[in-house]
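A.B. asks: Listed below are the residues making up each chain.
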Amino acid sequence: MAQKWKYDETFTPPAAVVKAKLCGQSVNLLVDTGFSGGVLIPFWMFERMSLLSYLTPDEYYAVMADTRKIRLYTATGVLTLRSKKHTVNTHSSPYIDKKIVGRDFLKRFLLTLNGPKSELIVSYPTTNHEAP
Amino acid sequence: MKKNILIRGVDVGVYRSAKAAASLRGITLGEAVNQALSEWVKRVEPLTLEREVEQNLEFIRSSWDDLIKYKGKIVVVAQQKLQGVFEHFEEARRVASRFRVAHTFLVDRKPMEKVIELGPEMEVR
Chain A
215 MAQKWKYDET FTPPAAVVKA KLCGQSVNLL VDTGFSGGVL IPFWMFERMS
265 LLSYLTPDEY YAVMADTRKI RLYTATGVLT LRSKKHTVNT HSSPYIDKKI
315 VGRDFLKRFL LTLNGPKSEL IVSYPTTNHE AP
Chain B
5 MKKNILIRGV DVGVYRSAKA AASLRGITLG EAVNQALSEW VKRVEPLTLE
55 REVEQNLEFI RSSWDDLIKY KGKIVVVAQQ KLQGVFEHFE EARRVASRFR
105 VAHTFLVDRK PMEKVIELGP EMEVR
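For the protein sequence lines, the chains are A and B, in the order given.
Quick note, our numbering runs 214 ahead of the 1-based positions in the first sequence.
Quick note, our numbering runs 4 ahead of the 1-based positions in the second sequence.
It is possible that some hints are incorrect.
[Stated by the list, open to error] Mimicking DSBU-like on lysine-lysine, the simulated pairs with C-alpha atoms at most 30 Å apart in a straight line are:
1) A:K283 <-> B:K46
2) A:K283 <-> A:K321
3) A:K321 <-> B:K75
4) A:K331 <-> A:K298
5) B:K118 <-> A:K313
6) B:K118 <-> A:K299
7) B:K46 <-> B:K7
8) A:K312 <-> A:K220
9) B:K118 <-> A:K283
10) A:K235 <-> B:K46
11) B:K46 <-> B:K23
12) A:K235 <-> B:K77
13) A:K312 <-> B:K46
14) A:K218 <-> A:K313
15) B:K114 <-> B:K73
16) A:K299 <-> B:K114
17) A:K313 <-> B:K46
18) B:K118 <-> A:K321
19) A:K298 <-> B:K75
[Said to hold, decoys possible] Over the 12 Å line for every Cβ pair with chain A, so calculated as not near, a few chain B residues:
20) D15
21) A24
22) L28
23) R29
24) Q39
25) K85
26) V89
[Said to hold, decoys possible] Coverage of chain B stretches by chain A, computed from C-beta distances (three or more under 8 Å per stretch; other residues unrestricted):
27) 16 to 23
28) 48 to 59
29) 93 to 101
30) 111 to 120
In short, the hints are calculated from the structure, not lab data.
The beta-carbon is built from N, C-alpha and C at its ideal position, and this holds for glycine as well.
Next up, chain B with everything else stripped away, as it sits in the complex (with noise of 0.2 Å):
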């Protein structure tokens, strides 16, 4: 589906710039447009989950003592808060459904950090 849109304050030396560009490879500004979000979108996304997923760490590290107190339950962490304490994974799950991100686990032992081996013939983008 596509959609029109009006973009405020567009620098008119990147407009021009691009709408040449993408005059010069046949395609409108529009799809230029298209493709250029979407890079946009693929290169951001994972720095800000990477955010969400790490603040709920600091969390969960910086609370442990607290945590700790519910050893043997099951707890939801997500958004820098503790979102509740269960007795079966069921539902904690179904609390931990609610959000794009979360830590849903079984309080036990201290997290740790881990590392794994990946084989030599593994490629990163």
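Extracted from the complex, chain A is given alone in its bound form (with noise of 0.2 Å):
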């Protein structure tokens, strides 16, 4: 079972998103394997989602490619990709704006950049990591 989704053309060149649902609300989050996370997403997004109220008790800090250290807030989120639940560390930053899903939640999965079809297939080898 795999689902596939169209490069998205606002960005130059056009790059690879995955349309999910998390903690129910639609989230275009961009593939980012340089991001070593779950999903990272905007300061307003995680506190409309009331994620503050359910914070992890490890400390996060992300580490900049200039070495700057900043900390994230983090809490456990459900990201459902096509009525499948899985849970995925949510990091967020007043200080970051950005919305990225990172090598912790894309290591569950085969992912294949079909480059000259301008298309992203995700496949689920497995049902780990699922949501009760």
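From these two lone chains plus the hints, build me the complex, please.
C.D. replies: Below, the structure is given as structure tokens:
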């Protein structure tokens, strides 16, 4: 079972984006394999999803390419991909305004970046990590 | 929605320069105050939130020997206190939702510090 999305053409060049629901709200997440976390969303979205009430006790820090370190707020969110629910570490910071999905979530799937067809294909190899 | 307010104790020098600067930009003093206050809130609010998160974490670190007694259960920590111990996430979520900031987690292993890599193109405001 696989799911396909056309690359998002609002990026130049067009980029692979996963269209999902996070905590019940639709969200388009840019696939970013340089990001080692689960999902990163803008702080206003993190607050709107009330995720500040469900923070994890682990302290997460983001290290920027220039070695700066900033605290990330992290909560366990539920990401729905084609009706399958997956728990995911959801990070945010008032200082970062990005919607991305990183390696900690992507490692659960087989991903194909079909450049000539401008298509992202996500396959589900197992049912691990599904939310109860 | 707009509201007329009286602010006591404004420095006369600051008031005069703000009024002059607003006039030069063709905006009212009220508009200038709105801009200044929203910038101030944006700057200060994350620090307040960070302090609240840090205080909860400090409580979790210092009370870990007590919290670990609830291993396998879900706890809610908010306002530097243990707000409850629960069997199921649903009950814990109901209690946690009463607080703007709360740590809601399954008691298992000691909390850790973790470092996340961000890609090279990530911009920080």
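A.B. asks: Are the hints correct? Go through all of them and say.
C.D. replies: Consistency of the hints with the structure:
1. A:K283 <-> B:K46: holds (20 Å)
2. A:K283 <-> A:K321: holds (24 Å)
3. A:K321 <-> B:K75: holds (29 Å)
4. A:K331 <-> A:K298: With Cα atoms ~26 Å apart, K331 of chain A and K298 of chain A stay inside 30 Å; holds.
5. B:K118 <-> A:K313: holds (20 Å)
6. B:K118 <-> A:K299: holds (25 Å)
7. B:K46 <-> B:K7: Holds - the C-alpha atoms of K7 of chain B and K46 of chain B are around 20 Å apart, at most 30 Å.
8. A:K312 <-> A:K220: Holds, at about 20 Å.
9. B:K118 <-> A:K283: holds (11 Å)
10. A:K235 <-> B:K46: Holds: K235 of chain A and K46 of chain B sit about 28 Å apart, inside 30 Å.
11. B:K46 <-> B:K23: holds (23 Å)
12. A:K235 <-> B:K77: holds (28 Å)
13. A:K312 <-> B:K46: At roughly 18 Å apart (the allowed maximum being 30 Å), K46 of chain B and K312 of chain A satisfy the hint.
14. A:K218 <-> A:K313: Answer holds: K218 of chain A to K313 of chain A is near 19 Å, not above 30 Å.
15. B:K114 <-> B:K73: holds (12 Å)
16. A:K299 <-> B:K114: Distance ~27 Å between K299 of chain A and K114 of chain B Cα, so the pair holds.
17. A:K313 <-> B:K46: The given pair, whose Cα atoms are some 20 Å apart, holds under the 30 Å limit.
18. B:K118 <-> A:K321: holds (18 Å)
19. A:K298 <-> B:K75: holds (29 Å)
20. D15: At roughly 29 Å from the nearest Cβ of chain A, D15 of chain B sits farther out than 12 Å, so the non-interface label holds.
21. A24: holds (32 Å)
22. L28: holds (31 Å)
23. R29: It holds; R29 of chain B is separated from chain A by about 27 Å at its closest Cβ, greater than 12 Å.
24. Q39: The assertion about Q39 of chain B holds, with a minimum of 19 Å to chain A.
25. K85: holds (15 Å)
26. V89: It holds; V89 of chain B is separated from chain A by about 14 Å at its closest Cβ, greater than 12 Å.
27. 16 to 23: violated (count 0)
28. 48 to 59: holds (count 5)
29. 93 to 101: holds (count 3)
30. 111 to 120: holds (count 6)
Hint 27 alone, counting from the list given before, is not met by this structure.
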